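Respectively, the protein sequence lines represent chains A and B.
Counting with our numbering, you get residues 113 to 446 for the letters of the first sequence.
Counting with our numbering, you get residues 67 to 404 for the letters of the second sequence.
Don't read these hints as lab results, they were simulated from the structure.
All clues stand as given, with none of them false.
Residues from chain B that face chain A, not an exhaustive set, calculated with beta carbons under 7 Å: (1) Lys-282; (2) Thr-296; (3) Met-297; (4) Gly-298; (5) Ser-344.
Pairs of lysine to any residue, SDA-like flavour, derived with a Cα cap of 25 Å: (6) Lys-255(A) with Arg-347(B); (7) Lys-124(B) with Leu-94(B); (8) Lys-124(B) with Gly-256(B); (9) Lys-245(B) with Ile-195(B); (10) Lys-212(B) with Pro-185(A); (11) Lys-212(B) with Ser-162(A); (12) Lys-255(A) with Phe-75(B); (13) Lys-212(B) with Gly-187(A); (14) Lys-245(B) with Leu-370(B); (15) Lys-212(B) with Phe-186(A); (16) Lys-135(A) with Lys-212(B); (17) Lys-255(A) with Ser-71(B); (18) Lys-135(A) with Phe-186(A); (19) Lys-426(A) with Ser-393(A); (20) Lys-212(B) with Leu-172(A); (21) Lys-255(A) with Val-390(B); (22) Lys-133(A) with Glu-292(B); (23) Lys-426(A) with Gln-411(A); (24) Lys-245(B) with His-375(B); (25) Lys-255(A) with Phe-339(B).
Going by beta-carbon spacing under 8 Å, a handful of chain A positions derived as facing chain B: (26) Leu-171; (27) Pro-192; (28) Ala-195; (29) Val-198; (30) Phe-200; (31) Leu-211; (32) Glu-215.
Model, not experiment: these values are computed from the prediction.
Note that beta-carbon positions come from the ideal geometry of N, C-alpha and C, so glycine has one too.
Chain by chain, the residues:
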Amino acid sequence: MSGTEEGHIISLDRFSIGFQKGKALLDSIRLSVNPGEMVALIGRNGTGKSTLLKSMIGLLTPLGGECLLEGRPFGDYSLPERARRVSFVSSQLTQLPSLTVGELVGLGRMPHTGWMGRLTREDWDQIEQALSEVQMGVFMDRKLDCLSDGERQRAMIARAFAQDTPLMVLDEPTAFLDIPNTYDLIALLSRFRDRGRSIVYSTHDLETAMQCADKMWVIHEGRILEGAPEDLGLSGLFNDLFSSSGIRFDEIAGRFLYSRDRKGSIRLEGDREEALAWTRSSLERLGYGVDQSAPTTIQVESLPGRTQWILQEKGGSREFHNLYSLARFLIQKQ
Amino acid sequence: MRFHSRAVFIIYILGLLLVALFFLDLRLGSISITLGDMWGHLLGRNTLSEQELVILTKFRLPRVATALMAGAALPVCGLQMQTLFRNPLAGPYVLGISSGASFGAALVVLGAGATGIVATWSLAIAAWIGAGTVMLLLLFVSYRIKDVMTILILGIMFASGLAAIISIMQYFSQASALKSFVIWSMGSLGNVTGAQLTIMAWAILPLLLVTLAYSKVLNGLMLGEEYALTMGIRIQRTRLIIFATTSILAGTITAFCGPIGFIGIAVPHMARFLLNRSDHRILLPASMLTGMVVMLFSDIVSRLPGTEHILPINAVTSLIGIPVVIWLVIMNKKAQSL
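Just chain B, with the same shape it has in the complex (with noise of 0.2 Å):
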């Protein structure tokens, strides 16, 4: 478990790299600001204009706040379930948790009719209300079931249930409240500003400390939760962690940013495959500064520079982590090990 220094060499370009992205996304937009101008700004050189600090610190800011939020959370959700449910394959939302998002949006867009910006917050509130429920569902269950892969199994059930039920509302809703529905599924990072993003920092932030003094004992969950019981791990209470943070998690970026696919999946490989590790206390932060700098790169994408056009981020994300996930299934040999 030393940190060789090919891991020490690799996180510092991951931070630079994010650096890098971090100004390069605050810069492209319709109105260019120059880096000299920002830099100029923080040095109290009247370098920006109004206007420019408006869009600055309420729009772009807040945009690349949240993608980082999303990129660093979203990884250690999908690192937490691929360890404890031992299988390569599992991501942030096979709990349910973007399909118990899905079915609260769902439940305010279409059953309510609420569009607009009204929207907005009663939307994030009912995601994250639905993200919850199938939490404290899962955790009762787990509470109650001792096998991790007959609840891996319950959370896949239960998704598929939500996304049938979501499909019924689908069918019978109004277009206009379908098409709130479906924007709200592409995703956007655009759409958390103020009080929303600072709500979002406290349900945030503090989990990731829960997560990253956590590490330890996934290094013990990596051979089993037999083994990890005889090396003194309390396996309840560590499995309610790692559901109740994943769920928390998870659940608060899809509700303020809708689902975000394949981050979740495809960064914790990227992150072992970069490193070559599995000791999760070097492979958990790597994985969050690799998601961050997926996110904004992804987000960069998305904006499609030069042009008037923006992709929704779910698809960007997919884009980007499908062939990472083809990669690995292709590899097989390498996801049978983890």
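So that you can see chain A by itself, here it is in the shape it has in the complex (with noise of 0.2 Å):
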């Protein structure tokens, strides 16, 4: 980070948060954002996400310290020179008036237009750009209220887009959203960082956020900590995070696996790389580990146009042809 600090979009020095002066949530953060990156803050629920980037762009109070934007305090800005270089995508999706997807966006123009909001031929490109940025083009004369989750969530961010500023912040813009959805998003934002805006947005997706991040912002416990994905991975942290919930961080797939306890291991037999894969992963859902010294087997036997698992026990050998069922019988027999 040294000898980047003049070109900051944002920094945060002994930046305190929260509700009450004396219980910080967050005490004497340092943190910072350089043009053309995409940040993404971590943590779990109640840690105090919302509140450091609402703080961070003028929507709470901070508690102390300070917050530089541009290189200039944040305060020093006025309300309308703030709307033309941070826009916000609020985590809630609800009580949305029933204005049309072209109206929500060109409401994204009011920092760059006179008294009375008249758009200009420019602000109607503008509006029709985002919109074609977040694949909407055609939506413009749609009702908000017609719209599913991820299409109001992109018709939100093209809004944000339209306002055309070097910094975005958006707040859980995931949380409403299924898988695709929520890749289609990331991917969205990836590009707008390509393009050379700053992004900051929150979340408690840590996989995807490894995916895409260049750099993290972590909580835990009372801390935020600052890195590239990999750095914060290779410091073990992750297993940190949620050590007492019921996952654990796999350090060499790089990704959340829920751990039940231990039910015992199963020498696992067969030939297709691919039936095998998926039976591992059926056994290590119910808490089964793959022991090829164990003495209970599972042989997976791959036929033209089927599969059958054959269990080998002591009191003798059972057939299944699918996973549900063996499933079944292993829950049974606990």
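Given two chains presented individually in distinct reference frames, assemble the corresponding complex, making use of the accompanying hints.
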């Protein structure tokens, strides 16, 4: 980070956030965002993710410290000046007015229009561009209440995009989205990043963040750590992060696994890689480890058009035609 | 935010309707004055008698002007409250403005026992002071309290508290005073004449222009105060201006005409439905226009053409407004999305 201090789009120094003096959620934070960088803010529920984002952009009053926006103290900017530099997408999707998508995105041009809010040709170009960026060009005249959650969230992001700011801050943008929509959204944000905009977003979806963020801010035990996702992974932080819950971080695979109590181990035999992999993950889900020296064996046989599993134990052997019935048997056996 | 042809068409129709109702309202009454005679008089041909002229300029024109001002002002207040509180059932009176005015009126009529012609002025002034006091209190509160929903609840509690005090005053008052107060609370467009009309116009017309100038900001408020702030809107100042304009507009109308129910809540929804738009830069003027049409219509209905009777205007506007609000509640989906 040294030597680039001047170029930060936003930097926090001894920044403290919270709702009550003396009871700071996070104290003396030092963080920064470089131009064209995507930052993922990670933390468990209630650790102060939203509070940090909102304090950073002036929606909440920080308890102390300094926030520099493009090198100048945040408080020195007037509200319209701020609005031309930072745009925001809130975590709440509910209670949107019955605007059309075009009208909503048009609101993003507010900081750039005159007192009557008349949109010029140039503003309309920006609006259309923002909508095509989020692949919603054809939704221009559609009402917001006729959209799916994913589409609505993309429209909200288009509004922020039309605001044309160097920094975009998003609070839990993927909270209501399913997995394909989440990935679409992250891909979308990555494209904005590639255009040279800075993005800060909060999430508790560590896996997606690991794959796309340039930098992570991780809130853990009242402290906040900053670094590339891999730096933080290497430091063993992620295992600590969720240590109290029923998951563990697979350091090699770079993803979280739901950890059950170990029920035992099973030997696995077979020749088709794919069938073996699925069987292994089914066993792991039930709490069985795969150990080639275990007394119980499962033989995975690939027949033309189907697969069958043969469980061999001391008491004899059983045949299963799918993993579900195998799993049912193993559960009942416990 | 383009002005679609549908909106232009609707506004055109509303404009025509307004002109038609304007002349119809002037024409109707115990003495019928024809349009031709009015037109002739305007052209300088003495087609109106002395008596007809007096009726027209001293009674009917002031009443129509009052109806127009109330019709324009109350929906503006309602729309501003609905947008600020993001609540489709908010209206000009949610902040307790009308209760403040009623309290002022109750003090004069029930407390001091003023009745008759003398009372008209003192009543208006007292109602105005009552509404103004509530407004100042609210402005003070809104300066201290950040959450706009808290202010809404305070406003409602305030109104209920004042209503309770008024009912105690009513309980202990003389029959004649009680009657005057009840008549005031039924609303009337016909009591505003001469100097009162001038004062009312001075209080209302400039503020309507202010609210029009704030329509861009109202658009920004639709997404809530957090978004508004990040779009460069000065929330505290905006809130003050919205509260101040709403209080003065609704307070003035209530002071001079008594409470007029449901126009403020229902008309913005009518306009929203007719135009199918939420852009305040067109919705606000359209609400004014719709409100004026509805008020003229209500005034005509209240005077039961062909009979000698006059219904209280508050009852008529309520009967017109209530179905709209019921429809709104039943079409819950629409209501939630304002």
